[in-house]
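Participant: Below are the chains, spelled out letter by letter.
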Amino acid sequence: MYEPHRLHPAAILVFIGRNLRQMWQLLLPWFAIIISKWSSFKGWGTFLLALTIVIYILYTVLYWMRYHYSLQGQDFLLEYGLFIRKKISIPLERIHGVQISQGLVQRLFGLVKLEVETAGGGKKAEVSLVALEQIEAERLRTALHGENAQASVETETKAAYQLTTGRLLLAASTSNGIGVTLVAMITVVSQLDEWFPTLQLYEQAGQRLGHLFLSSYLSIILGIVLALILAWILSVVGWLARYGSFTLIREGDRILIKQGWVEKKQLNLPVNRLQAIMVVEGLLRRPLGLASIQLVSAGYGDSSGTTVVIAPLLRKTEISSFSQTVLPEFAFETELEQIDPRARFSYIMRLLFPSLLIAAPISIFVPYGYLSWLLPVAAIILGSKQYHDAAWAIEADKLILRSRSLGLVTSVIPRCRIQWLGVSQHLFQRRKGLHRLTLTTASTAGGASFALPHIESKTAAIIKAWFQQYK
Amino acid sequence: MEHTEMIDKKAISYWRWSAVINVLFLSLLLPASWFAVQHWSWPTWLSAAIALPIALVAVVTILLIPPVRWKSWRYDISSQEIQLFRGIWIKRHIIIPMVRVQHVDMQQGPLMRHYGLSTVIIATAAGEHEIPALADEVAMQVRDHIASLARVVDEDV
Chain A
0 MYEPHRLHPA
10 AILVFIGRNL
20 RQMWQLLLPW
30 FAIIISKWSS
40 FKGWGTFLLA
50 LTIVIYILYT
60 VLYWMRYHYS
70 LQGQDFLLEY
80 GLFIRKKISI
90 PLERIHGVQI
100 SQGLVQRLFG
110 LVKLEVETAG
120 GGKKAEVSLV
130 ALEQIEAERL
140 RTALHGENAQ
150 ASVETETKAA
160 YQLTTGRLLL
170 AASTSNGIGV
180 TLVAMITVVS
190 QLDEWFPTLQ
200 LYEQAGQRLG
210 HLFLSSYLSI
220 ILGIVLALIL
230 AWILSVVGWL
240 ARYGSFTLIR
250 EGDRILIKQG
260 WVEKKQLNLP
270 VNRLQAIMVV
280 EGLLRRPLGL
290 ASIQLVSAGY
300 GDSSGTTVVI
310 APLLRKTEIS
320 SFSQTVLPEF
330 AFETELEQID
340 PRARFSYIMR
350 LLFPSLLIAA
360 PISIFVPYGY
370 LSWLLPVAAI
380 ILGSKQYHDA
390 AWAIEADKLI
400 LRSRSLGLVT
410 SVIPRCRIQW
420 LGVSQHLFQR
430 RKGLHRLTLT
440 TASTAGGASF
450 ALPHIESKTA
460 AIIKAWFQQY
470 K
Chain B
0 MEHTEMIDKK
10 AISYWRWSAV
20 INVLFLSLLL
30 PASWFAVQHW
40 SWPTWLSAAI
50 ALPIALVAVV
60 TILLIPPVRW
70 KSWRYDISSQ
80 EIQLFRGIWI
90 KRHIIIPMVR
100 VQHVDMQQGP
110 LMRHYGLSTV
120 IIATAAGEHE
130 IPALADEVAM
140 QVRDHIASLA
150 RVVDEDV
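Chains as they are written, first to last, in numbering that gives the first Met the number 0: chain A, 0 to 470; chain B, 0 to 156.
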């Protein structure tokens with residue numbers, strides 16, 4: 000049905016790039032030695048280096064020549080290896096999805112990368128064909144999927160969700176990434192200062208700014224503003240690279256996502272593998288009425304975590320129409336029910352206690368340490384907010400939980416996805432008759448867990464009883 | 000909690016002895032600290048400061064916890080679900096639907112073998128749960144029982 004094929008020759012470049020990336024730490028010291036003692040290496044050194052490179056390239060070319068994929072009967076077959084031949088065979092019904100993406104090398108040659116996803120708890124069992132012609136990739140995708148996925152993203156299906164440039168800027172500006180970037184920048188600068196003390200980074204910066212303004216306070220403020228602007232720009236660039244031209248389509252029992260400017264990525268998620276969805280309202284986004292939607296999936300998800308972003312930025316008012324069109328399986332209308340006021344104290348104590356443990360020694364031993372008493376104050380505010388926002392609801396076969404750590408997360412979990420459910424009660428809770436609800440679903444990383452701390456016995460009993468109506 | 004099962008009473012002795020072994024390992028810190036006091040002239044109270052918590056751990060984990068822990072453990076296996084009740088400071092009630100059980104295993108360390116005890120491990124797609132310290136025959140029965148139930152439920156789906 001499908002004869003053994005080779006990858007596009009550009010795959011050789013990808014292989015070499017991949018090897019270099021894996022080995023650069025090993026190679027670096029050798030290069031350093033060779034360059035520093037170049038005079039003594041010059042003659043035969045050059046020859047040896049050239050020989051190694053030639054042999055290595057030859058090896059990679061041969062590797063590429065002996066790299067075949069084919070379709071035999073109901074199996075996808077991959078054979079590769081020069082000295083040790085490897086043969087991977089995947090039954091078609093085990094293939095849960097096919098992902099097509101485009102890295103830098105692929106873009107240069109107008110090619111794509113095709114990844115075959117199989118279910119399997121996190122282990123890298125999937126196959127990745129690093130360089131294919133686009134037509135070939137489409138053909139292979141159709142062959143692998145059978146009849147149910149003939150239409151590809153390229154056909155003119157109406158996009159259910161698109162991330163416009165304005166939205167993207169807004170998303171980048173309000174993402175937590177800015178904070179992370181700032182911390183990273185501070186780390187880099189302080190490291191630079193440590194490695195190259197002669198640069199006198201801070202003094203230099205101070206002087207430059209000092210020339211402009213009389214007040215040193217003003218120059219500090221200016222420095223902070225500049226750092227913020229830089230962090231913002233980095234954040235925007237990061238968002239562009241990752242979520243640029245984000246498009247989502249619901250097609251039958253699948254969700255198709257295209258995203259990325261640098262590396263174009265196509266995700267193809269079977270809806271029946273989705274475990275739960277989460278509406279996330281970040282700290283900066285909630286006041287603006289903005290949110291993002293992520294989902295927990297088994298067998299999919301980034302290597303970075305267990306969730307897949309299916310809507311990087313939405314207005315809160317658009318969420319219900321979004322979920323109606325894209326994921327009606329997870330849509331809900333029920334009003335959430337808040338938690339009993341008895342729990343307020345527990346929520347506050349859970350944060351207050353550790354914050355006191357941190358603040359007390361700092362205030363004694365560190366100059367300006369008394370500022371650390373702001374921490375317990377923040378803990379009290381956040382704790383009572385966490386109490387205020389904690390809520391739950393049951394709608395038919397779905398459990399909806401809302402909780403806040405910093406940002407607000409509303410999770411929708413179908414009963415049939417819950418792997419196990421636990422209700423626990425520690426000593427302090429026992430006196431007040433409060434419980435903690437924990438439940439888990441499967442996920443790529445081996446399990447995702449959701450919790451609702453400090454609920455009353457009555458609520459715990461209702462949720463338990465609902466869970467026990469297995470079907 | 001009406002028709003729940005308890006785990007084997009020998010669990011108490013097993014936990015006691017494994018706690019003894021742990022405390023013995025911890026006690027290795029004592030000669031080490033004494034060495035430091037002698038040779039590097041670390042303060043003498045250091046040895047005492049290490050001995051005290053070790054003694055405390057010994058009393059709590061060897062004498063106090065095992066019987067309470069045994070008493071706190073309950074399990075119940077019905078055709079629909081497995082329920083576990085456990086915990087001393089934190090009381091937990093865990094419900095695992097039979098449909099979600101992926102496989103059941105038995106596990107036994109050398110000390111457990113001495114007491115004829117085994118742990119039954121129940122795996123789901125989101126982590127494992129265990130029923131510790133059942134008598135070997137009981138553990139085998141429980142494992143086979145769960146395995147057969149899980150299979151039957153599977154076929155229904």
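No wet-lab data here; the hints were simulated from the structure. The structure presented is a predicted model; accordingly, all values stated were derived computationally and were not measured. Glycine included, each C-beta is placed from N, C-alpha and C at the ideal position. Any given hint could be a false lead.
Unchecked claim - Stretch-level coverage of chain B by chain A, calculated; a stretch enters the list once three of its residues show a Cβ under 8 Å from a Cβ in chain A:
| # | segment |
| --- | --- |
| 1 | 5 to 11 |
| 2 | 61 to 73 |
| 3 | 102 to 110 |
Claimed, not checked - 20 Å max Cα-Cα, derived SDA-like pairs, lysine to any residue:
| # | chain 1 | residue 1 | chain 2 | residue 2 |
| --- | --- | --- | --- | --- |
| 4 | A | K85 | A | L107 |
| 5 | A | K431 | B | H128 |
| 6 | A | K463 | B | Q82 |
| 7 | B | K90 | A | S127 |
| 8 | A | K264 | A | S244 |
| 9 | B | K90 | A | S218 |
| 10 | A | K457 | A | L405 |
| 11 | A | K463 | B | S78 |
| 12 | B | K90 | A | S448 |
| 13 | B | K90 | A | R435 |
| 14 | A | K463 | B | H128 |
| 15 | A | K457 | A | S423 |
| 16 | B | K70 | A | R429 |
| 17 | A | K457 | B | H92 |
| 18 | B | K90 | B | P65 |
| 19 | A | K257 | A | L168 |
| 20 | A | K257 | A | K463 |
| 21 | B | K90 | A | S456 |
Said to hold, decoys possible - Cβ-to-Cβ under 7 Å is the rule here; a few derived chain A residues that face chain B:
| # | residue |
| --- | --- |
| 22 | H95 |
| 23 | Q98 |
| 24 | G102 |
| 25 | W419 |
Participant: All hints are to be evaluated individually against the structure, with a verdict given for each.
Facilitator: So, going through the hints one by one against the coordinates:
no.: 1; hint: 5 to 11; result: violated (count 0)
no.: 2; hint: 61 to 73; result: violated (count 0)
no.: 3; hint: 102 to 110; result: violated (count 0)
no.: 4; hint: K85(A) / L107(A); result: 30 Å, violated
no.: 5; hint: K431(A) / H128(B); result: 28 Å, violated
no.: 6; hint: K463(A) / Q82(B); result: 12 Å, holds
no.: 7; hint: K90(B) / S127(A); result: 47 Å, violated
no.: 8; hint: K264(A) / S244(A); result: 10 Å, holds
no.: 9; hint: K90(B) / S218(A); result: 57 Å, violated
no.: 10; hint: K457(A) / L405(A); result: 27 Å, violated
no.: 11; hint: K463(A) / S78(B); result: 17 Å, holds
no.: 12; hint: K90(B) / S448(A); result: 19 Å, holds
no.: 13; hint: K90(B) / R435(A); result: 10 Å, holds
no.: 14; hint: K463(A) / H128(B); result: 18 Å, holds
no.: 15; hint: K457(A) / S423(A); result: 14 Å, holds
no.: 16; hint: K70(B) / R429(A); result: 18 Å, holds
no.: 17; hint: K457(A) / H92(B); result: 15 Å, holds
no.: 18; hint: K90(B) / P65(B); result: 15 Å, holds
no.: 19; hint: K257(A) / L168(A); result: 18 Å, holds
no.: 20; hint: K257(A) / K463(A); result: 39 Å, violated
no.: 21; hint: K90(B) / S456(A); result: 13 Å, holds
no.: 22; hint: H95; result: 14 Å, violated
no.: 23; hint: Q98; result: 22 Å, violated
no.: 24; hint: G102; result: 32 Å, violated
no.: 25; hint: W419; result: 4 Å, holds
Taken one by one, the earlier hints fail for this structure at numbers 1, 2, 3, 4, 5, 7, 9, 10, 20, 22, 23 and 24, listed in ascending order.
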